[in-house]
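Chemist: Okay, here's what each chain looks like letter by letter:
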Amino acid sequence: MGAITISGLGKSFGTVEVLKDVSLDIADGEFLTLLGPSGCGKSTLLRIIAGLERQTAGSIAIDGRAIDGLPAKARNIAMVFQSYALYPHLTAARNIALPLTMRRMTPWQRLPLVGSLLPGTRGLRAAIGRDVAGVAAALDIAHLLDRKPGQLSGGQKQRVALARAMVRQPAAFLLDEPLSNLDAKLRVQMRAELTDLHRRLATTMIYVTHDQAEAMTMSDRVAVLMGGDLLQVGPPRRIYDDPETLQVAEFVGSPKINVLPGRMGRPGLVDCLGARLPLGVPGGPDVALRVAVRPEALVLARPDAADCLRGRVRHIENLGSDCMVHADVEGAADPVVVRLDPEAGGRLARGTPIALEIPPHRALVFDAEGKRLRPDAATARLRRAGA
Amino acid sequence: MNRQQSLTVALLRHAVLLAGAVIMLAPFVWMISTSLKPPNEIFSTDLSLLPRKWFALENYGKAFTKVPLLRYLLNGVIVTAGIFAAQLLVSLPCAYAMAKLRFRGREVMFTLVLVGLMIPAQVPAIPRYVMLYQVGLLDSYAALILPFVVSAFGIFLMRQFFRTVPDDLVHAARLDGCGEFEILWRIMLPLAFPAMVAFAIISVVAHWNDFFWPLVVVQTGDLATPPLGTLFFRNEEAGSDFGPLMAGTVVITAPLVLLFLGAQRRFIEGMTLTGMKG
Amino acid sequence: MAAASAAAPAAPSPDDRAEARAGYALAMPAMALLFVVLLGPSLAVVVLSLTDWQLGAPRMNFIGLGNFEQLFADRVFWRSFGNTIVYCLVTVPGSVFLGLGIALLVELAPAGRTFYRAAYFLPVTSTLIAMAVVWEFLLHPSVGLVNLALEAVGVKGIDWLKNPDVALLTLAGIGIWQSVGLNMVLFMAGIQAIPADLYEAAEVDGAGGAWDRFCTVTWPMLGPTTLFVTVVSSIRSFQVFDTVEVLTKGGPNKATEVLLYTMYTEGFSFFRTGYASAVTVVFVLIVLTFTLAQVRLGDRRTHYT
Ligand SMILES: Nc1ncnc2c1ncn2[C@@H]1O[C@H](COP(=O)(O)OP(=O)(O)O)[C@@H](O)[C@H]1O
Ligand SMILES: [Mg+2]
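Chains as they are written, first to last, in the numbering used here: chain A, 1 to 387; chain B, 1 to 278; chain C, 1 to 305.
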């Protein structure tokens, strides 16, 4: 069982506040990803949950029981480190066996030489050996058990580290960027394997990454952490389609979401670089806004169409399956990126004038502080009727 | 550079280095050579390496009977082993705590270690002597070992080494259920083996060869360490019976020299670190 | 929310205290011993240097800087001080430059490297006292190898250890013989640490000859090593004692009296504890100056991997 409740968690190193009032409920058996740029406090949060670091505020509970006072070894939580942290002087088998040795055997039984003479030691060792063999078989590393970490490849070390975490059947797994040291191809493969493993074990996993592809493909829910603030928690799709803040919208998605300057026009309408969008967001006239549109949401319009962004093609990236068109748009500071199918993109060339239409239901509006503005209920109904 | 030039350079290099090596090794060679010669050959003026009449048995026999050479060597082993064992036992936990544990006063303690590192070995000699005199321990193994049971250099060296062990490894061990002592014993010690060898070499060489302190505290011949024993031997001979004297010095120098020739790389690496020691 | 987090406990948790407790438990024995056998006695030397105590005397009086006044008025002390300086001025440059030269020659080519390194390093590890006895025999005026060898090439030998003009230099020579190997390996490590592409760059830039390469790459890159070796050698030479005690006992006529030897005789032959402590204080002040420099340099250049 491993439902984890984090409430009001804060952490400062001296005067530097690394985590600010983080609250989060993780259900038993859930796969939750902590997503954020490097340095945002992800590892710190994980290490606090593990009991390796001490919070300066707030508390953590597992299955309703506060664990704040417990040392790491009493928390029944396993962790897989980015560097794998395998003991270099021990074979894979003894690496995996160590957590069991420490838990099941008394200090006397653990003693070299003397320990093996004590009653029960041999039986315990045999049982530990069986458990290690079982985990190794499940992870397909049985043939590596006699090697030391120095003789293992990155992917193999990864599996041994996973085995060491799994062997004692913890209440929850914490994984700190476990795939970041692998090459791209292996990373994709391990992604699938980890998801599969989670399904089989049905144990809570908190997975830390700065890679949004991992977050999007593996998780039940994603928690976006930036600058020590938990900005949004939700299923991957929601984080992508329905971000709460501009920061989240900008961090998630590749290529990055286009952010355009906007301004409140007549009630319910937003002026955005010549396009008038019936977005129905609340706010007085002339309030500055930001309008964000994902590259795949923009639509190529006829050059003479009204209510469009206008500009010229600056650069075309043909990726085979898609075509990314970068266009200089009048009034926009950065080039606007549009994702087109290769056929449509192929018809364009550098310098071609283009017009881009923003479908109103795909536009995300944020206020000047980057907070999401949603259509108020009345205008939303109106809009639905209009569409 | 053409071939002929480079040949000249190579020859010149060997000529200079060989000449130097002859000077460096001459004392050793001459010591051995003399230890094999009878007195009349030693006092003759012709320079020959090998004796005409082998006198090794007589010289070495005399060396071992005139003074208790084996006793000196045994004392050397007891003292250096005792010192190193104590230093290890005391320094390792301290070095680990200073490298990996957080507690108030850690930095102050480390500063004290650095201060200790800078104090030349002879400075605390007088108060140490007074202390041992007052507790009546002068002229004993305790007097030879106790002042060196803690080594600031050992703490410093091992701490620096432990700091290179990734924190993640310590954290993984904590999650796996190890206490601090077990982390030290199961994880850090095996990893620190090379550093411990370096420390062992430095400590053993320093205390096997130490002359000042045994000279100060030892009066009876039975407690003499090898260097002090050599001096006793020399004084006994009044500098005339060179054959046995040289045999004695061969015996005294042999252990470290053989150790060095057996593990040259480690010895040199280890001794290079002594530069850090005051 | 802010109120909630402000109310949450910020005091050190049981686990933090457990870590601190473990830290103290592991560090304290060493620190206590360090104080008893090293730091305490070293402080005591300073205190004793301000007293007139003689070992075994029933009482001691604080006499302020009296010992130092006496010391600075003593011709023997100045002789001893001067001798120590001269010894250093000969030994340090001698062993540093010879060490550098040998290291450069050895590193020039792989042939014979291991042999040369071992040969030059051997005196560093061998028991100096035993070797001093051997040197005494080698320097014997009539049957010693040195004079025999000199006579073989037609030079008249001298009594190296009894002649007041050369005795100190003789000891310095033995000092160089003993320490040059250590300097050599320190320099060899420094030379090996110079990236090979620097030489290639120098060659491209037109520094082709051996001398040019030495001037443009090797010597500048060895700067920190040289400084470090010099400081280490200075500290070691300042501590010269063994050869003096065995070979000359400070003679002839104080020609080889050095600071540590003065300290030893005052402290452990005449038992003038206070006075000997004052000598120690002077000695330590000089060495500490070097050592402070050394530790700062050492931090920069030593890597533990
Ligand atoms: N022990 C520490 N002392 C001081 N600052 C730290 C410490 N550990 C982490 N930090 C700081 O906390 C911030 C978050 O670190 P971390 O949690 O490792 O980030 P992430 O894992 O998201 O990349 C960083 O700015 C880092 O410099
Ligand atoms: Mg991290």
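If you are wondering where the hints come from, they were derived from the structure by calculation, not from laboratory data. By construction, the Cβ of each residue, glycine as well, lies at the ideal position given by its N, Cα and C atoms. Errors might be hidden in some of the hints.
[To be verified] Computed list of chain A residues with no C-beta within reach of chain B, every gap over 10 Å:
{"id": "1", "residue": "T5"}
{"id": "2", "residue": "G51"}
{"id": "3", "residue": "A72"}
{"id": "4", "residue": "A78"}
{"id": "5", "residue": "H89"}
{"id": "6", "residue": "S116"}
{"id": "7", "residue": "L124"}
{"id": "8", "residue": "G129"}
{"id": "9", "residue": "R147"}
{"id": "10", "residue": "R164"}
{"id": "11", "residue": "A301"}
{"id": "12", "residue": "S321"}
{"id": "13", "residue": "A333"}
{"id": "14", "residue": "P335"}
{"id": "15", "residue": "T352"}
{"id": "16", "residue": "D376"}
[To be verified] Selected chain B positions facing chain A (in silico; Cβ < 8 Å):
{"id": "17", "residue": "V130"}
{"id": "18", "residue": "Y133"}
{"id": "19", "residue": "D176"}
{"id": "20", "residue": "I187"}
{"id": "21", "residue": "L191"}
{"id": "22", "residue": "P194"}
[Said to hold, decoys possible] Restraint ranges, calculated between C-beta atoms of paired labels, are given here:
{"id": "23", "chain 1": "B", "residue 1": "A254", "chain 2": "C", "residue 2": "P58", "range": "47 to 55 Å"}
{"id": "24", "chain 1": "C", "residue 1": "D205", "chain 2": "B", "residue 2": "A254", "range": "27 to 35 Å"}
{"id": "25", "chain 1": "C", "residue 1": "D159", "chain 2": "B", "residue 2": "A254", "range": "29 to 37 Å"}
{"id": "26", "chain 1": "B", "residue 1": "Y133", "chain 2": "C", "residue 2": "N61", "range": "18 to 26 Å"}
{"id": "27", "chain 1": "B", "residue 1": "L114", "chain 2": "C", "residue 2": "P58", "range": "48 to 56 Å"}
{"id": "28", "chain 1": "A", "residue 1": "S254", "chain 2": "B", "residue 2": "R163", "range": "34 to 42 Å"}
{"id": "29", "chain 1": "C", "residue 1": "A25", "chain 2": "A", "residue 2": "G227", "range": "32 to 40 Å"}
{"id": "30", "chain 1": "C", "residue 1": "L108", "chain 2": "B", "residue 2": "P194", "range": "37 to 45 Å"}
{"id": "31", "chain 1": "A", "residue 1": "R147", "chain 2": "B", "residue 2": "L138", "range": "52 to 60 Å"}
Chemist: All hints, please: hold or fail.
Modeler: Status of the hints after comparison with the structure:
1. For T5 of chain A, the condition that its CB be more than 10 Å from all CB atoms of chain B holds, with the nearest at approximately 20 Å.
2. Not every CB of chain B lies more than 10 Å from the CB of G51 of chain A, the least distance being 8 Å, so the non-interface label is violated.
3. With a closest Cβ-Cβ approach of about 4 Å to chain B, A72 of chain A is found to fall inside the 10 Å limit, against its non-interface label.
4. With 10 Å as the threshold on Cβ separation, the claim that A78 of chain A sits away from chain B is violated: the shortest Cβ distance comes to roughly 7 Å.
5. Listed as a non-interface residue, H89 of chain A fails to keep its Cβ farther than 10 Å from every Cβ of chain B; the least gap is roughly 4 Å.
6. Against the 10 Å criterion, S116 of chain A stays outside the reach of chain B, whose nearest CB is about 16 Å from its own CB.
7. With a least beta-carbon separation of about 14 Å from chain B, L124 of chain A lies farther than 10 Å from that chain, consistent with its non-interface assignment.
8. For G129 of chain A, the condition that its CB be more than 10 Å from all CB atoms of chain B holds, with the nearest at approximately 17 Å.
9. Even its closest Cβ contact with chain B, about 17 Å, leaves R147 of chain A beyond 10 Å, as expected for a residue assigned away from the interface.
10. Not every C-beta of chain B lies more than 10 Å from that of R164 of chain A, the closest at about 7 Å, which undercuts listing it as non-interface.
11. Chain B leaves A301 of chain A outside its interface by the beta-carbon criterion, the shortest separation being 54 Å against a cut-off of 10 Å.
12. In this structure S321 of chain A is separated from chain B by more than 10 Å, as the shortest Cβ-Cβ distance comes to about 39 Å.
13. Distance check on A333 of chain A: its Cβ is at least 42 Å (rounded) from any Cβ of chain B, clearing the 10 Å threshold; non-interface status holds.
14. No Cβ of chain B approaches the Cβ of P335 of chain A within 10 Å, the least distance being about 42 Å, so the stated non-interface status holds.
15. At roughly 53 Å, the least C-beta separation between T352 of chain A and chain B is larger than 10 Å, which holds for a residue marked as non-interface.
16. The Cβ of D376 of chain A lies farther than 10 Å from every Cβ of chain B, with a closest approach of about 50 Å, so its non-interface assignment holds.
17. The interface hint given for V130 of chain B is broken, as the beta carbon of that residue sits about 43 Å from the closest beta carbon of chain A, more than 8 Å.
18. Here the hint on Y133 of chain B is broken, as its CB sits about 42 Å from the closest CB of chain A, past 8 Å.
19. The interface hint given for D176 of chain B is met, as the beta carbon of that residue sits about 4 Å from the closest beta carbon of chain A, less than 8 Å.
20. At about 6 Å, the closest approach between the beta carbon of I187 of chain B and any beta carbon in chain A falls short of 8 Å, and the interface hint on this residue holds.
21. With 8 Å as the threshold, the beta carbon of L191 of chain B comes within range of chain A, its nearest partner Cβ sitting at about 6 Å, so the hint holds.
22. Among the interface hints, the one on P194 of chain B is violated; its C-beta lies about 11 Å from the nearest C-beta in chain A, farther than the 8 Å criterion.
23. Evaluation of the 47 to 55 Å hint for A254 of chain B and P58 of chain C yields a pass: the beta carbon distance comes to about 48 Å.
24. Between D205 of chain C and A254 of chain B, the C-beta spacing of about 52 Å breaks the proposed range 27 to 35 Å.
25. At roughly 30 Å, the beta-carbon separation of D159 of chain C and A254 of chain B lies within the given 29 to 37 Å, and the hint holds.
26. In this structure the hint that Y133 of chain B and N61 of chain C lie 18 to 26 Å apart at CB holds, the actual value being about 20 Å.
27. Take L114 of chain B and P58 of chain C: their Cβ atoms lie about 39 Å apart, and the range 48 to 56 Å is violated.
28. Distance hint check: the CB atoms of S254 of chain A and R163 of chain B are about 39 Å apart, consistent with the given range 34 to 42 Å.
29. Look at A25 of chain C against G227 of chain A: about 39 Å separates their beta carbons, and that is inside 32 to 40 Å.
30. About 29 Å separates the C-beta atoms of L108 of chain C and P194 of chain B, a value inconsistent with the hinted range of 37 to 45 Å.
31. Take R147 of chain A and L138 of chain B: their Cβ atoms lie about 56 Å apart, and the range 52 to 60 Å holds.
In the structure shown, a violation is registered for the earlier hints numbered 2, 3, 4, 5, 10, 17, 18, 22, 24, 27 and 30, in ascending order.
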